[in-house]
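S.K.: Assemble the complex: chain A is given as a structure, and chain B must be docked to it using the hints.
Sequence lines, in order, name chains A and B. With my numbering applied, the first sequence closes on residue 316, and no number is skipped along the way. With my numbering applied, the second sequence closes on residue 302, and no number is skipped along the way.
No lab work stands behind these hints: they were computed from the structure. Accuracy of the hints is not assured; some may be wrong.
[As the list claims (entries may be wrong)] So the derived label-pair ranges between C-beta atoms look like this:
hint, chain 1, residue 1, chain 2, residue 2, range
1, A, Asn20, B, Asp106, 45 to 51 Å
2, A, Val21, B, Glu85, 25 to 31 Å
3, B, Gln206, A, Phe52, 16 to 22 Å
4, B, Gly131, A, Glu280, 36 to 42 Å
5, B, Thr237, A, Trp138, 55 to 61 Å
Just so it is clear, CB atoms sit at the ideal spot from N, CA and C, and this is done for glycine as well.
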Amino acid sequence: MQIYLPIAEMSVNVFVILAMGGGVGFLSGLFGVGGGFLMTPLLIFMGVPPAVAVGTEANQIVASSVSGVLAHMRRGNVDLKMGVVLTVGGFAGSGLGVWLFSILRGLGQVELVISLSYVLFLGVIGGLMLWESLPGVMRKRTGAGPATPQARGAGRHTWIHGLPFKMRFHKSKLYISAILPLAVGFLVGILAAIMGVGGGFIMVPAMIYLLGMPTQVVIGTSLFQIIFVTANTTFLQATINQTVDAILAILLLVGGVIGAQIGARFAVKLKGEQLRSLLALIVLGVAIRLAFDLVITPGELFSVAAEVK
Amino acid sequence: MMVRYFQPVLASIALLAMTTATSAQEAPLVADVSENLVAITTGFTGKEVLLFGATDGPGDIAIIVKGPSRDVTIRKKDRFGPIWINSDSATFRDVPSFYRIASSRPLEEFAPPNLLSRFQIGTGNIRLETVEGSGLAPEAVPEFRQALLRLKTGQQLYDENLGSVNITSNRLFRTRILFPANVPTGTYIVEVYLFRNGTVAAAEIVPFNISKIGFGADVYDFAHDLGAIYGLLAIALAVGAGWAASAAFRRT
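Extracted from the complex, chain A is given alone in its bound form (with noise of 0.2 Å):
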């Protein structure tokens, strides 16, 4: 069954923009992630314009963030006044990232820009990931004890502590300078912005290794705030560049629920270390197929550039 889709202005088989968010879903269920840096390359190689792959895909976090969220709430994992913080960050970061994207549009620059972020985001995080979930490094890990991300960040006492403008989390049992979360907050919205992710997947080791937040608050405070900044990148986008396609976001959204809750389902039934060792290979599968289509000789050197009015 075709759809036409009226913002992407193409025709796309149902069932299988339905597949892709079930597929993506089932992963993000599966790993915990927002599946974000999966949904956007597979929409532009779908042929999605670039623009409006962004800006859809921001438009379908906001929906997972909010069902993900409310779990989290419900077992009190989520650090409110830090996702404060960090939200006022991602507003200005995505609010500098939507600019910055539609400059480079006009520069014809804007799938190299995506296609880096994603190539060296994608691969550093991969990297790190495969490489800690190796068997030598995993015993190395533990035995240097179960608090490791406490030990690197709050317990130690360096220039990060000297800031100003220091606020109480109690919840994540920080008094840390807000300045920290502001800028983090604000770096990961540049990239939500610009390369149609929710961030999760840069924000978490940040919130655990610079600010050194408890493990069971991350990941719920890191989806409270990816729903704002999302949500301001989705207005953004539809107000300056009419680039989010509301049809296509329904579509992803109703396959993206239904995998989600399969994949959490058989997430149950992995181990941890087998879990993360499979998602660092996806991971640095994207980026290995992007940073290949950067390198190769193009079969066409010549493109019709996005029309910019």
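M.R.: Coordinates of chain B only, in the frame set by chain A:
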């Protein structure tokens, strides 16, 4: 510059005037399309339109279907260290967004090259002029021009269906034009030329529209006219869907 730009339009109008003047006695050429409005609905996957007409005697027919004109920028990738990035670009003025040529025989068998070029008959004769100040060396322009034609043909937006016009009893002619799913919207013009003895004996212009209709069209208009409200609504929809999903799966 202006005169050159309007030349084909003026020529067409002159021909049209010529046609209408004679039509009072005996129209040498009449033409029409099977639909005056091609609607792009939610289920749109492309549409075939019948073009037909009659002549007052033997001759060859060339039919051109042109979509609304827009400026088009073509970019070329160059190697920059290990990666390929867009570098040079050329912007062409008033490029038809859609172009089909259908004819009763291969063009060169009934029309001299100067006429084909003057009336822009055949994809090779589409006038593609660069916008001044693009900073591209003039000798590089043909490469970009060929790339534009190649890319548009690849997207099924430009095509040549030579020999696809059927003529019955030297009087009635018809052909089918397929509009693919990615067809641009706007006002289209069908130009029908009747060739006799290597000259244009008559010409006719039939306009028609391709536009988005129904739900998809409403979404598009809404997104472009009221972007802020559309954005807020898209967010509200997503929040609602996320909440509903969470509520639905909590019970199970």
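S.K.: Would you mind marking each hint as holding or not holding in the structure?
M.R.: We went through each hint and held it up to the structure:
1. A:Asn20 x B:Asp106: 45 to 51 Å: Given range 45 to 51 Å: holds, Cβ gap about 48 Å.
2. A:Val21 x B:Glu85: 25 to 31 Å: holds (26 Å)
3. B:Gln206 x A:Phe52: 16 to 22 Å: holds (20 Å)
4. B:Gly131 x A:Glu280: 36 to 42 Å: holds (37 Å)
5. B:Thr237 x A:Trp138: 55 to 61 Å: Roughly 60 Å apart at Cβ, these two residues keep to the hinted range, so it holds.
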